[in-house]
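Peer 1: The residues making up each chain are set out below.
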Amino acid sequence: MSGWSLFIDTFFRPDLVAQYLPAILKAVTITVQVAVLIVATGLASGLMLAVARSFELRAVNLCIIIFADVFRTLPPLVLVLLVYFGLPNVGLTLPSFAVLWLVLSVVLSAFAEEILWAGILSVRRGQWEAARSTGLNFVQTLAYVVLPQAIRLTIPPLTNRSIVITKNVALGSVIGVPEILNVATTAQSFVGNCTPLTLGAICYVVLFIPVVLLGRWVETRFAWGRA
Amino acid sequence: MTEQPLPILEVRSLRKTFGTFNALNGVDLTVVPQELVFIIGPSGSGKSTLLRCLNRLEEPTSGSIFVDGIDLLSRKTNINLMRRRIGMVFQSLNLYPHMTARANVTLALRKVLKMSRAEANTIATAALERVGLADKAGSYPAELSGGQQQRVAIARAIALEPKIMLFDEPTSSLDPELAGSVLAVMRKLRDSGMTMVVVSHEMRFAREAADRIMFMENGTIAEEGTPEIIFGPNANTRTRAFVAEIVR
Numbered sequence: 028m029s030g031w032s033l034f035i036d037t038f039f040r041p042d043l044v045a046q047y048l049p050a051i052l053k054a055v056t057i058t059v060q061v062a063v064l065i066v067a068t069g070l071a072s073g074l075m076l077a078v079a080r081s082f083e084l085r086a087v088n089l090c091i092i093i094f095a096d097v098f099r100t101l102p103p104l105v106l107v108l109l110v111y112f113g114l115p116n117v118g119l120t121l122p123s124f125a126v127l128w129l130v131l132s133v134v135l136s137a138f139a140e141e142i143l144w145a146g147i148l149s150v151r152r153g154q155w156e157a158a159r160s161t162g163l164n165f166v167q168t169l170a171y172v173v174l175p176q177a178i179r180l181t182i183p184p185l186t187n188r189s190i191v192i193t194k195n196v197a198l199g200s201v202i203g204v205p206e207i208l209n210v211a212t213t214a215q216s217f218v219g220n221c222t223p224l225t226l227g228a229i230c231y232v233v234l235f236i237p238v239v240l241l242g243r244w245v246e247t248r249f250a251w252g253r254a
Numbered sequence: 022m023t024e025q026p027l028p029i030l031e032v033r034s035l036r037k038t039f040g041t042f043n044a045l046n047g048v049d050l051t052v053v054p055q056e057l058v059f060i061i062g063p064s065g066s067g068k069s070t071l072l073r074c075l076n077r078l079e080e081p082t083s084g085s086i087f088v089d090g091i092d093l094l095s096r097k098t099n100i101n102l103m104r105r106r107i108g109m110v111f112q113s114l115n116l117y118p119h120m121t122a123r124a125n126v127t128l129a130l131r132k133v134l135k136m137s138r139a140e141a142n143t144i145a146t147a148a149l150e151r152v153g154l155a156d157k158a159g160s161y162p163a164e165l166s167g168g169q170q171q172r173v174a175i176a177r178a179i180a181l182e183p184k185i186m187l188f189d190e191p192t193s194s195l196d197p198e199l200a201g202s203v204l205a206v207m208r209k210l211r212d213s214g215m216t217m218v219v220v221s222h223e224m225r226f227a228r229e230a231a232d233r234i235m236f237m238e239n240g241t242i243a244e245e246g247t248p249e250i251i252f253g254p255n256a257n258t259r260t261r262a263f264v265a266e267i268v269r
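First to last, the sequence lines map onto chains A and B. Numbering follows our numbering, with no gaps: position 198 of the first sequence is 225. Numbering follows our numbering, with no gaps: position 45 of the second sequence is 66.
Hint data in this document are derived by calculation from the structure and do not stem from the laboratory. Mixed in with the good hints, there may be bad ones.
If the Cβ cut is set under 10 angstroms, some of the chain B residues that face chain A in the computed set are [unchecked claim]:
1) ARG105
2) PHE111
3) MET120
4) ASN125
From the three backbone atoms N, C-alpha and C, an ideal C-beta is built for every residue, glycine too.
Isolated chain B (complex conformation) (with noise of 0.2 angstroms):
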């Protein structure tokens, strides 16, 4: 028997309902360290639900979600130090367009991590050389192309050392030369180790990256594998026929 490494995340049974909509109907999901867990399936079917209920951006309605053996949904979860754990880059960018890119990426590090601010621009600095940015560190986000400011967005996650990364569609906002230098990022992020739960719809970066591929629908898991099950020719016909249609 091979030993099972301790989960980074465990979820069960989680449900989330906005008014009379099931947008998340039981869902359960463990995702070990340095694992890549990829999350496709048709818009509306909960991925981003899911993924903002990760880190309590939405509350879940019932169900349990633990990180690093810690109870997320605990009354005495302290959820903004448990955040830090949780780094989270979004559709829509989201840099804080009056900031710098470093001072996108210190600010938590100064305000939550309570760091000096020459602390602070080391890390920073690291983390943005990490993603390739360390030149456009005095740029303002206007000054940066969107595929720049999500790999920014990314430091600013990053910088704060999370024990799992999420990401929520980071490229569909970019054009496509665009994403293939976020993509390159997240790549060197999962080589260096960093446990990751990808919603996108970057269907080759699936097949490539992840160890696991989920394909949800109505607010469940319909399906899950190794990107050979769910790419391959014995994946329901509803994953296939999802597929088939993202890879057209």
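Okay, chain A solo, but in the shape it has when bound (with noise of 0.2 angstroms):
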């Protein structure tokens, strides 16, 4: 067998694409639906701390630093494991999914805040000054004249941030979830052949190339001359 067959033969069969690839479309399903879920809440979560953050009240502002140094460097795979296992022994137990969602959108809104609060801070003072001085409020400015450029400036990171956590959803394999890597890694100790997880990394790059696309037309759609 020449090498070139060999490496066809242990990482792309051709029968064991047939037979596995439903199964691994089917995570793929369970993998964006869950993905699409954690991205709306820690995105959402994360805008939300990073407004609070903007009205500067020492006490809020502490926790949300604390919160978002401790989620940003504890390993998305521990916290999974600490809620999944440990939760448990004080009573809480939660579904697989349900901490899956719940870790990685925490983890995400922790980056996402700073990545937010780093875009507010980047608005110049004049933007405030002019939006003040014609009478419009703290709450008024922000929402209609900082955020908006906020958000514009933050779009490259926070799309990166989001296939990120959305190549978390994988953490799911050690829980239970029947995502891409775990079906993929199932199916090969049961066949004996890589070709299913293959298959699970050709779905992720489909998976994940609209994202990055759809972000780049994000970035356009919202762009405003070329100041």
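If you follow the hints, you should be able to join the two separate chains into one complex; please do so.
Peer 2: Take a look at the structure:
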């Protein structure tokens, strides 16, 4: 057997592709569903935290900063295991889906808060002053003048973070969520061949290219002139 | 005795300190309706700080400010409602980059004065017309020259029908040929009876348009008078030295 056909035989056997494609596609829909939920709640709560932080209340900001720093530094795998296997000891048992969603949402919100906060800070002071000088109050200025600019500036890093967190859905495999990696590795050990894993990898690429393109499109859609 | 019109702006012993630095050292200033008061002086003399205190972008340390008879520093005064009565134009233009010229003008009309979009648009069109930019209503700031941006900023302020307009070095960030169009709009505004306080180094404009010129130094008004006095041979030495430096 030549090297090339050995490679195909190990990583891309047509009969195994046919056999496991349906199961992996089903896993893709699960990954997508969980990911959409995580990105929605993660970005939304990150935005809320960044807005809360701009009110510059000391105690509140201290909490937000600690929250963001802790959840940006802890490995998400540790959090997943801690919540899934640890919380039942104190009487709180959550289904594996809920654990994955909760943990990754919290992690994403910590990153999103820091990114959006940096975006808010990067809007020049003159923008605040111009808006306030026409009688807009703090909240109106934030909502209509500062946030639209901050969000526009932070779309690329927020897209990146969303991709990273969606890939972390694979962590669900350690707590039994039937997402792509879980289904693929199970099949791999069952048939003793890497083909299911290759299929899973291809699914990730196919899944993320539209996300990257969407990020690009959103960026240009909200561009204003060439300032 | 001639009857004095009630002042639109009355500032009494205004002080502003930043840490240990006295930016304003007891400034008194009275501006009557339709007057154009020019403030000149070296950088760091407190001109911009004074202007920024007049709509409380900067909180004065002590003193009093009355605008149209209302105590600006009173806790009972709604500063957001007062600010629409005090238009301000900045050196750094400060248009909202994510909005068209029209939207820049209508934002406060809709959100502060709670006008409908249609009402606000009508007023915005009129305001943009006054600054000669009716045809640029749909343009974004990035598509406008600096001079045009500054004129939109003026339209944004006058659309709110302020009692007084504050200009903080409105032409300093512009090329001279673009500054001309902004000065032309300011001249028109003055002719329409707008009360104005202008901080600027445009001495020619000061000479021909100002009713009064204040020369500020070290946080106080060192000298004030008509353009004839300030630019004349009898102005005090510091004023003359400063003017000579600028028009050089």
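Peer 1: Next, verify each hint and record whether it holds.
Peer 2: Structure-based check of each hint:
no., hint, verdict
1, ARG105, "holds, 4 angstroms"
2, PHE111, "holds, 6 angstroms"
3, MET120, "holds, 8 angstroms"
4, ASN125, "holds, 9 angstroms"
Every hint from the earlier list agrees with this structure, and none is contradicted.
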